[in-house]
Every structure is written in C-alpha cells, then in structure tokens.
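Since the structure of chain A is already known, use the hints to place chain B on it.
There are 2 protein chains.
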Amino acid sequence: MNCILLPAANFLHDRAHIHALPQIDHVHNVLAAKVGDTLKIGQLGGHLGTAMIDNMTPDCIQLRDVKLTMPPPPKLDLTVILALPRPKVLRRLIMDMTALGVRDIILINSYRTQKSYWQSPMLKRLNEFVLEGLQQGVDTIAPRISLQKRFKPFVEDELPWLVSKGAIVAHPYTSQSLAQYLQKQYLQKQDLQKPSALAMPNLVCIGAEGGWIDYEIELLAAQGCEAVHVGPRILRTEAAVNVLLGQWLL
Amino acid sequence: MNCILLPAANFLHDRAHIHALPQIDHVHNVLAAKVGDTLKIGQLGGHLGTAMIDNMTPDCIQLRDVKLTMPPPPKLDLTVILALPRPKVLRRLIMDMTALGVRDIILINSYRTQKSYWQSPMLKRLNEFVLEGLQQGVDTIAPRISLQKRFKPFVEDELPWLVSKGAIVAHPYTSQSLAQYLQKQYLQKQDLQKPSALAMPNLVCIGAEGGWIDYEIELLAAQGCEAVHVGPRILRTEAAVNVLLGQWLL
Numbered sequence: 058m059n060c061i062l063l064p065a066a067n068f069l070h071d072r073a074h075i076h077a078l079p080q081i082d083h084v085h086n087v088l089a090a091k092v093g094d095t096l097k098i099g100q101l102g103g104h105l106g107t108a109m110i111d112n113m114t115p116d117c118i119q120l121r122d123v124k125l126t127m128p129p130p131p132k133l134d135l136t137v138i139l140a141l142p143r144p145k146v147l148r149r150l151i152m153d154m155t156a157l158g159v160r161d162i163i164l165i166n167s168y169r170t171q172k173s174y175w176q177s178p179m180l181k182r183l184n185e186f187v188l189e190g191l192q193q194g195v196d197t198i199a200p201r202i203s204l205q206k207r208f209k210p211f212v213e214d215e216l217p218w219l220v221s222k223g224a225i226v227a228h229p230y231t232s233q234s235l236a237q238y239l240q241k242q243y244l245q246k247q248d249l250q251k252p253s254a255l256a257m258p259n260l261v262c263i264g265a266e267g268g269w270i271d272y273e274i275e276l277l278a279a280q281g282c283e284a285v286h287v288g289p290r291i292l293r294t295e296a297a298v299n300v301l302l303g304q305w306l307l
Numbered sequence: 058m059n060c061i062l063l064p065a066a067n068f069l070h071d072r073a074h075i076h077a078l079p080q081i082d083h084v085h086n087v088l089a090a091k092v093g094d095t096l097k098i099g100q101l102g103g104h105l106g107t108a109m110i111d112n113m114t115p116d117c118i119q120l121r122d123v124k125l126t127m128p129p130p131p132k133l134d135l136t137v138i139l140a141l142p143r144p145k146v147l148r149r150l151i152m153d154m155t156a157l158g159v160r161d162i163i164l165i166n167s168y169r170t171q172k173s174y175w176q177s178p179m180l181k182r183l184n185e186f187v188l189e190g191l192q193q194g195v196d197t198i199a200p201r202i203s204l205q206k207r208f209k210p211f212v213e214d215e216l217p218w219l220v221s222k223g224a225i226v227a228h229p230y231t232s233q234s235l236a237q238y239l240q241k242q243y244l245q246k247q248d249l250q251k252p253s254a255l256a257m258p259n260l261v262c263i264g265a266e267g268g269w270i271d272y273e274i275e276l277l278a279a280q281g282c283e284a285v286h287v288g289p290r291i292l293r294t295e296a297a298v299n300v301l302l303g304q305w306l307l
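Going line by line, the protein sequences match chains A and B.
In terms of this note's numbering, the first sequence opens at residue 58 and continues consecutively.
In terms of this note's numbering, the second sequence opens at residue 58 and continues consecutively.
The following block holds chain A by itself, in its conformation from the complex:
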C-alpha cells in the first residue's frame, strides 16, 4: 500500500477519515504512524496528495490538512483480454494489471478455463483487488472490468470494435516473436525515434495456464490478433502478464 485511497464520501473540506480496517491496520502496523504524521492519500477517481493524522482510534483515523493536488498517472492505452484464471491467482493478476495501469480488463472464457472458476466467490471481490492494485501502483482510476462467458460471440462480434492500433495474442507456440511484430510495426510507421509508443498494439490476449488451443488462436487471428511469443520459455500466467505489459512501460 503505497498510498491510501478513500471514496469521495470520506472527504469534507480539508478533512477526511479512514475507517476501512485494512487501511487502519496498515497505518498502525506497517507505517507505525502517529498523530501529526503525514500520509500519502488519494481520492478514488480523483487526485493524489497528502494529509496529516489528526486523531486515531482503533476503528477510525481522522485526517486534516488534506491536499489533493496531483493528478493520477495516465492509464495505458490498452485492453487486456485474459482467459479467466484459477481463483487463487485471480487476485494477484487483477492487482498487477491495475497497478500497471491497464485501462480495460476483459475476463473471458476459454477451453482451458475450468467451468468452476466462473462460480468462484473471488469474482465477487474484484473491486477489493482493484483497490489493492491502485494503492500499490499509486493511481486513483480503476480499470473497467467486464466478464465474457462466451468466447466465440465475443471474439467475432465485439473484439473487432476494440482494436485501434493493433492486437496481439500471447502464444508460446508460434513463429513470430513480439520483437519481430514490433519491428514490423516500426517499419510500417517509418519512425525509428519513438518506436514503442507508435508500435505498441492496444489490445493483448493472454491465456490462462495451458494457454490457448489452436481453434482459439485461429478465431482470434481471423479478427486481426497476431500471435506472438516472447522466447522459448513458458511462463506462469502472472509472470507472462507482467513480462508482456512491462513492454508498455518503456
């Protein structure tokens, strides 16, 4: 938790209060802060800044001198389509994609997504994981998350409308590397000075454990998603998400 995010309702003029227990616990036990100390805070959907601790009880922390002057960092111009993963890793994946600044996250069904994953109680807790991600990444704007239980209709009818600067699908068993894909994009755009911003696609599809099956890759390819690999090594979904999205940070 690199900042404490509070909903607009917790602010009044230059005062605010914290009453969520994980945040109170963090202030007490991780920061070991006391009255008079300054905290990094932010308003959900608003600006970032600081506030001073005015009063502390076990279930509420009162803040004064609230100054919210810094806009949140820009979102990545990126939609991630992720095959719904095991519930156990869902929390960290949502946190990481949020912390990295992904604007849109679409959790989709895939052949290797087990049906039971869609019944997981973790899916009811997405807002909580988003809040953790925002407080980790020091951002205030939540990504938009949607669930798509039907792969084929989504890919054929909706995905094409989401692509503006190109789309890729991560697939270890393909011949084109991400570097080759980007190189091809640079050359098309004739500008070697600013390769990344220009060449980066705005949509990336990432499979769950076991990846995509050929049928899925073909359906995605038919809608313009080019399969790319990042080398011969096969990565855990979490590692793959960070490795791939890290390319947008440079």
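No lab work stands behind these hints: they were computed from the structure.
The reader is advised that the hints may include incorrect statements.
As the list claims (entries may be wrong) - Computed footprint of chain B on chain A, listed as stretches where at least three residues anywhere in the stretch have a Cβ under 8 Å from a Cβ of chain B:
no. : stretch
1   : 63-72
2   : 152-162
3   : 187-199
No residue lacks a Cβ here, since even glycine has one placed at the ideal position from N, Cα and C.
Chain B alone, transformed into the frame defined by chain A:
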C-alpha cells in the same frame, strides 16, 4: 510443469524412471497420462526431449524410448541482485527468475530486509523452487544462487567484478527511466538495428518491498549501478522482477 526434469541417475540407456511424488502426481492428475503416452522430459543439466510411459505404479513411473535431442534454451547474460524478500514471495521469485533464464541470482541483505528472513526455512528449499522454475520454463540448467548477508562489503568489493556490459538498480524515485538509459546505451554503441542485445546491462539490482534506501542507492551508484525507473507506478517485487527481466526477452 511444462516438462519433467530428472537427475542423470534416473537414466539408463534409453530408459528412465520418475519417483518424485510431485512429478508422479502431475503425470497422473494434471496430464492424466497412461501407459503408451509420450511425455516431455529433460535431464537436469543436460538435454530436453521425450519418453514413452512403459509402466505406472503409485510410486514409480517407468519410461522407455527416451530421446534427449534438444539443447536447453540459452541463459540470459544476466546477474540479478535481489534484496532478500519475505519468505512467502521467495518461492515465486526464484521460480520466475529461473523460468526466465537468469544465469546468476544473488540474494543480498538490505536495510528493508527483516533479519528474520535469513532464518526462514524457505532458504533451505531453493533447489526445489529452482526445479519448479526449470520445469515451468522448459530449461535444464539451474541458475547459480548465492547468499550475501553483508551489503556494503559485497557491493564495494565483489559487485564491480560482475559488471561487463553495464549495471542498473531499479528505483521508482529517480529521474532516469529505463528507456532513457537504454537510449543512451544505443547512442553510445551507434547501432540502432539491434538495440536490445547491445544495450542491455548484464547486472540488475532489485529491492524488496519498500525498495532501497538512499544510502544503498549511493553505494550502488559509486560502483557504476545507474538508478532507473519504469514509470511513476510502484510495483510489487514479483511484478517488478518480471517487468524488468521481460526487457531481456525481446
């Protein structure tokens, strides 16, 4: 587990056997394989290939037609110096760095590393985490791992000998981005066609939660480690490791 790695002692001519329980469990329950099926296997420190299941019991799987013809993928020319993290995340960090192909891993003490971490029983299980990482990343060559409990003597006396192509330290609170660092390296090397391979440093230092303190950054800088950031967002150690090392895969 994208391949099953066995020690040399488990092979005899074109036969081999699996008797480690996690591997047997994987063959039975994840792969649901049966006699006559082909498995992807490899010899620790040797080649990768395939073998056919000849016989299965609950505590041993006999393999025949062992063909180990493929060399493992090349290691990254990279030493990662990582501040010893919380034991809970150590397993995934070692797995991911191994799967990504890091050649050398040095776990070091830092100001924000709690003393108790050095007593964790997880430190006795590094070989197990490396095996998981190799089986994930489909590699057979373990990274070299060393532990350095004394930050200053290590940084001053040993680190300089490890640097051949440049060194960086990840630090969110610095002015130079990794992109700017790499751009500077490209320009020095006068070759825009193959930027990454030429410009990538061969040593990267990554802090644990809370990152490095200024004193540590100064000590590292004095030995030529340039501080770089990857944007305004602060990432979990695991996410940061994958985001940073992912740059070596392109």
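Outcome of the hint check:
Counting residues of the stretch 63-72 of chain A whose CB falls under 8 Å from any CB of chain B gives 0; the rule of at least 3 is not met. Figure legend: the stretch 152-162 of chain A, annotated as covered by chain B; annotation consistent (5 residues with Cβ-Cβ distances under 8 Å, at least 3 required). Only when three residues or more bring their CB closer than 8 Å to a CB of chain B does the claim for the stretch 187-199 of chain A stand; here the count is 4, and the claim holds.
Checked against the numbered hints above, the structure breaks only hint 1 and satisfies the rest.
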